[in-house]
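Colleague: Take a look at the letters that make up each chain.
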Amino acid sequence: MESKKKILIIDDEQLILKTTALLLKCEGYIPLCASDGKQGLAVTLKEKPDMILLDIMMPGMDGWEVLSNLRSKKYNVNTPVVIFTAVDFVASEKMAKEKGAKAILRKPFQLHQLKTVIGACL
Amino acid sequence: MVEKAKKLLSEKVNQLHDLNLRIRIFLVLHLMVIQFLILFFLNYFNNINITVTMINSLVLCFILASFVMMAFRRTFKFGIWIFIIATVFSVFFISLSGSFDIKDGICLTVYPLIALAILVAHITKRRIVFQNQLYGELFENVPIGIYQASMVGEIIKVNKKMVSIFEYDSSESFLKACSRTEIFRPALLMDQVAEIIREKGFINGFERKVITKSGREITLRENIRRTINYTLSKGKIVFYEGTIEDISDLKETEEQQSVIQNDLAVLSTSAIKIAASESNDEILKVMLEQLSVILNDALIFVSDINVDTLISTVRFCSKRADLKESEIFGQDERFLSKKYNVPGEVAQNLLTGEIITLDTEQSRTINESIFDNNLSVLNKISPAINYLMSITWNKKVFAIVCIIMTRDNKLSRKKMDVIETLGRQIAVTMDRNGYMKGIKRQAEFIELLNDTLPVPLFYRDRDGKFLGCNRYFEEFTGRKRENLIGKYDADILFIENTTQNEKWDKESFQKGGKKVFDSKIRRADGMIRTATFFESVYFNASNATYGTIAAFVDKTEEKELVERLSKARADAEAVARLKSEFLTIVSHEMRTPLTTILVISEMMQKNSFNNISEFKEILAEATERLFELIDNIIDASLMQDGKFFIEEQQFCPQDVYNDLFNIFKNVAANKNLKFTMDVSKDFPQMILGDRYRFFQILKQIISNAIKFTHKGEVIVKACMDRSEKEESKIYLVTTVTDTGIGIPVEKQSSLFEFFNQADGSLTRGFNGSGIGLALAKRITELMDGWFKLYSKPDQGSNVTISIPFRLPLNKVNKSYS
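Protein chains in written order, with our numbering: chain A, 1 to 122; chain B, 123 to 939.
Isolated chain B (complex conformation) (with noise of 0.2 angstroms):
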């Protein structure tokens, strides 16, 4: 019961939480006055005590507390509750004083009661009165259109905001046009809507259009619900509420949003389509594509601009449906160079890359020089606003665009921000393009040069690996560069297999040096060459050293000729001196004999002497020699002429060396040296040669041998041999062996070399004799014969001579009978 009253009570106080300020005073005010009574009505009836009345006074004080504290809102719900536990308690004081009958009992518990009911109904109605006000308020100043609807539609109500949302002055205006005309008919009256309604109760975001008063079309977005009255008609609908929202302008923003969305997707397209593009020619047309998806209402021109002369002519246009290109152009003449003027007083601007935008005269300035006056064209285009535009970038101009909106529309900034922004990405992309064209064109030329080189040339990377090559190192090496590329250096070219580090210091590889050296290569025959090759470092986009370029040139040729040229000029100062040396040695082998003749000449003169004979003998030996060695010279010259010619008669071979026997046995004798001769007795009597040169070469090996020997002996052997596959063909083989002083090893073979005597003191050490001796060899070969030498000094000498002669014909026979 108690929880029961204390549950009811609580949920009253919280309702009275609620109130305001003022029904708050008026709450309190109404207690202090009940409770004013109560107070009364006791000191009237009864005739309390002093205590009670001091009790019933703090108990006063306590419910006046109680006021004060109810007076604020935080501490009101504090205060209604020290209120009734005061009451209580003074009820209960004064009837714990005796003087309490029945009578009392009432007046202190029914007075309070009556005073809470009476003031909760009044709160309750001034609750509602409150909400109605409040509600009221709502309606009318809400930012959205509010009505309410009649259950067949006829419109009850509208707020503030409605009423302006339709143009209309006043709701009375409003209401008055909504009962005459269809201005705006509410949503529920539709089947689709109203059935929604039915089950659901209500609809959220119904969105059609309307027209306002003064004609413009609208987007309202309306949201619909039942209103039900439970307290006086239960469940009875009352009316239908709804809420209008104009979002025209939202409708619009998504719409334009909708349009940049694809703008940005053209824009994104074309960007494509650019990189696409090989040539500017293609990327003005994918311009002149995309700028008709922007802009498809409009004409395109994408023309050349003049910058001097401020003439474009046109190269690409965009098409039309409701324009042929036929009107557009002529009947028969493309309209593509089609030449017009660009204002002069834009023209300044043109260079920023911005739109601009042509006043009328300019325009019909423009369009008239396009359409070559053809009324039909320009009728249909009028009137028209004129952009220019131009694609330009870095200073350049690529082209100029030509925007002709055929409707009285103009381009929103939005629009040209889009088409700008497309003028740039081309432009930065022409300017792009012919930037790299010229590096292309470069890399080009490079390669041109590269291969236009007469000399092999090829680079690598730091390590040694082939980068490329050009088109002589492929001929060099017989390998195509696909093939060269990515080997080291051993691989293909070096043979001794030196690495970037050999060849460079470190700094000077880091720093980019240039290096001359030589090395061994091989060519593509396998071929060894020496080469001169020139190196130099290069660097890559970062500045670190990338690798060597290298360009070599093959200078075995040059060194061979080089060579040769050195020995040649060796040669020629060798064949210099000789001559020299010959000389001296010609006119010291003639200074003795004619010595012999000066002085034996004088002596005759003077007839100072006794022995004529012996003088004779002298002066015949003398002049033996000089004719010998005048013969020597002569045969010596006419051999290095190439004019020495061996002649071919019938001789007895027998009779020459008997007649070398007879010469040389005196000379042996005069210096006691013991000469024989032995030849072999099988000789032909006849046999076919030079006689004279068989003679000559006898003599002189003969003579030498006499002539270095200073004792001992002179052996002189004669053989013959057959030729086995010839039988015509006979070889004299003749030995001449003596004890003299021999000739070294070493100068051997250089004493047969025509007059190369190596040095002075050969000459001295054969006092010129080498002549002889080369020459007899000399001759032995020219007769295809073959001459050897064996000596060793103090010991002797050996020659050894075979001389081919050919037997008669007529001889042949009879020395095989």
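Only chain A is shown next, with the shape it has when bound in the complex (with noise of 0.2 angstroms):
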């Protein structure tokens, strides 16, 4: 039996970190939570998931940032990173690619799209 992935999800919309959390958690993983990119950074390095839900649009630091600074040499994570959007899905899609993200997903997102991209990710 292998062990439990963790999944970080970084929203700054409590009910997207708890909603998704919930979710995750009766997939069978390990939630892992942040309200903004500066903590998510943080619990990226302490916890090393093994996947991270990113939303983009955060107050500070928004999504691009942080998955900037996580393919920096300073963080140097290359843990696979899917992106939430809520607007403008064809420029984030390009963005995405560009920036590293595995994937994108696009609010409201469902059950079974946000399975999919985790089972391709994990």
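Treat each hint with caution, since some may be false.
[What the hints assert, rightly or not] Pairs of lysine-lysine, DSS-like flavour, derived with a Cα cap of 30 angstroms:
1. K46/A x K833/B
2. K38/A x K833/B
3. K914/B x K787/B
4. K4/A x K914/B
5. K738/B x K6/A
6. K518/B x K4/A
7. K46/A x K728/B
[As the list claims (entries may be wrong)] Have a look at the derived ranges for each label pair, beta carbon to beta carbon:
8. M726/B x K4/A: 18 to 28 angstroms
9. E695/B x K115/A: 37 to 47 angstroms
10. A91/A x R691/B: 25 to 35 angstroms
11. A696/B x K115/A: 34 to 44 angstroms
12. K115/A x R699/B: 29 to 39 angstroms
13. L683/B x A91/A: 34 to 44 angstroms
14. E739/B x K4/A: 21 to 31 angstroms
15. K4/A x D753/B: 22 to 32 angstroms
Honestly, the hints are just simulated from the structure, not real lab data.
Note that beta-carbon positions come from the ideal geometry of N, C-alpha and C, so glycine has one too.
Please dock the two separately framed chains into a single complex, following the hints provided.
Modeller: See below:
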């Protein structure tokens, strides 16, 4: 039996955090929550999650910045990242590929979509 | 003695000098004879030795030479002297020879003297004869008439000229005629003349008129003098001598000259009158008047002419004393506008402006047509010679002048010249008048055009000095043009002191360019306006740059309009952009709770959850968020449409705060935030106002505070103010303080502009919560309250709102009691 995978969720929306966390828990993953970019980076370094679900629109440091930081030499984290976006899907998809995100999910996403993405990443 | 003799001699010699050749030859011959006789006698009576003979011969040579010299007028005098000296020398030498006795002496001295005496007497006689001859010739041949009259005035002698002046054939017939008739009565018989002659001895330049043989009257100028014979009968008047000259021609010339001078005076006065005339009709009247002066016995008509049909219409006519107006014009009909035909054959020549003499037939036709066979007039003016002349210049015929000479006398060429000159003068003036009128009309046209143009227009000289403007310019500047002329730019119109030099480059100014520029100007009411100027250079008659004409259009309103329009467009664009942003935000806002709802509902279908209460809670929160969002959108939309209304009902303010505390205490607790609410105890039990909106405002502010505060606390304080003016009015003042992320100052003002979230980052930064805060502020204001935000990034925010409420009437007293 392989150990449970850790999945970090970075989103300023408490509701999303709660929902996703609950969902992941039900699916048998260990959800980690961060409500902003700084916290997310800190958790990444500390917990070394197997996968990151990252929201783009956040106060302070936005999702793209977080992703750039993760891929920078300082952090050098290659953890697969899935982008959450609420707006402008086409532009975000292009950006996501450039920045090295694994996939992109458009809010509101559905359970099966999330499962497919997680399956692809882990 | 000798001196006296010498003087006498030289006197005589001088007299001799005047003699003519014949007399000189005669004299020489005389002297030769005398000399010969002397020598003969000397040789005969004496036996003169050879020496004396030799000397004598020498003297003889001199004497012969003197004869030769005397033959010539130039050497005559000298010859006489040589002769005398030679004679004296010969006598002297002969006496020296010793064979000289008294008899010889007498011979030698007396002979020459006798000879000289004979000579002089002879010469004198000859001279008188000659002079008489000379006078006789002179008398007959001089080109002036001479007569001699006796003391009693009887004509004794007349010369040829005198006879011819009186047109007689010979002096005898004239003298006969004079003795019989009074054809010529010497002036000296007139008392006055006689007196003058008695006193002065002569009279000169006496003029009188006489009638010649043929009956012609001539003018004579007469000079008369007394002739006194001093030699024969001392001091006695022998006769009177008079000279006469026929000065008729001279007189006539003088008269003509005075006529010409008179005509010239007429011409010059007419020139003055013409210059003073304003209309062409007046000029024609002047001409008629002047012609009447020049031709005082003629009838003159000035008429229009129809060049095509050659029909003239009389416009003005002269009057004549001996022809009454009614006679000419008929009893009651004015003569003016009488028509008559110009003979076709003279029409061609008429255009030259020269006087045309009509023949008898033509004259008769015209006269009859003018006077309508009015026989009394025709008889009076008949026989008449008509003249036609056109007033023409520059191939234009202005009028026809018809002159009817009512006596049988012709116009002299000089008169014709004068009349033609006058006609030409008139024609030129009328032509110029027409031209001037054209120019005047043109000027009037330009002025009208100027004043009709609905734009202000003005013109200046090259130095920028105002020369004139139109009506609209006067209106614009509020000044009359007479006050504007001579002023400069800055005094009147322009605010910026622009000169021609600055606005125009030299070359285009001199060549005459056009220019369009904008400038600020001052209107009559002092308002500063922006106008677009259209300026052109114009030139004077000598082609030098004279100045500029400028018109301008007030573009201020247009500019304002353009500005307003561009602002409106920008606003509209901003609104459109904001709308789309709003949609983005709203859709983003909606996606969060929708995600929760979607995911959970999917899980519920699969029954793949174990903690149902947790799901319930999340679902409720999601639903609440969605509901709140939709509420806000509806409110915002209502407000934008102006359909947002504040209602009034009684409610307990304390309850509102309690409800809010209950809602947010858990939310705050979940975020580990300290949440306190401090509500003043003196709140009235009930107040009147919109409870729902009041609750909505406070909820929005507190929710926002909690949302953006991640650690620290959120404090709500509420208190009450009473209105000083109105007893029933209270203010509920609520302050919400947090230690959240805060809002940068530059974003605070834009935050409250409805939906105006300046950029995407703001949208991201507040996650669309701007709507809520803006909505809260707007509702506060709609409830007549005020809303204040103090915030510093990373230090937190402080929102204070004050909303007025009314106390229910029955509560007022209670609260005071």
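Colleague: Could you run down the list of hints and mark each one as holding or not?
Modeller: Verification of the hints:
1. With a C-alpha separation of about 22 angstroms, the suggested pairing of K46/A with K833/B holds against the 30 angstroms cut-off.
2. Restraint check for K38/A and K833/B: satisfied, since their Cα atoms lie roughly 15 angstroms apart, inside the 30 angstroms limit.
3. The straight-line distance between the Cα atoms of K914/B and K787/B is roughly 25 angstroms, inside the 30 angstroms bound, and the hint therefore holds.
4. A threshold of 30 angstroms between alpha carbons decides the hint, and for K4/A with K914/B the separation of about 44 angstroms lies outside it, so the pair is violated.
5. Only pairs whose Cα atoms come within 30 angstroms are accepted, and K738/B paired with K6/A is accepted, the gap being roughly 25 angstroms.
6. A C-alpha spacing of about 125 angstroms is found between K518/B and K4/A, which places the hinted pair above 30 angstroms, so the restraint is violated.
7. About 34 angstroms separates the Cα atoms of K46/A and K728/B, which puts this hinted pair outside 30 angstroms; it is violated.
8. The hinted window of 18 to 28 angstroms between M726/B and K4/A holds, with their beta carbons roughly 24 angstroms apart.
9. Against the hinted window of 37 to 47 angstroms, the Cβ-Cβ separation of E695/B and K115/A comes to about 44 angstroms, which satisfies the hint.
10. Our hint of 25 to 35 angstroms for A91/A and R691/B holds, since their Cβ atoms are close to 27 angstroms apart.
11. Between A696/B and K115/A the beta carbons are some 43 angstroms apart, a value that agrees with the proposed interval 34 to 44 angstroms.
12. Take K115/A and R699/B: their Cβ atoms lie about 38 angstroms apart, and the range 29 to 39 angstroms holds.
13. For L683/B and A91/A, the Cβ-Cβ distance of about 39 angstroms falls inside the hinted range of 34 to 44 angstroms, so the restraint holds.
14. At roughly 24 angstroms, the beta carbons of E739/B and K4/A sit within the given window of 21 to 31 angstroms.
15. Range check, K4/A to D753/B: about 41 angstroms between beta-carbon atoms, so the 22 to 32 angstroms window is missed.
Checked against the numbered hints given earlier, the structure breaks hints 4, 6, 7, 15 and satisfies all the rest.
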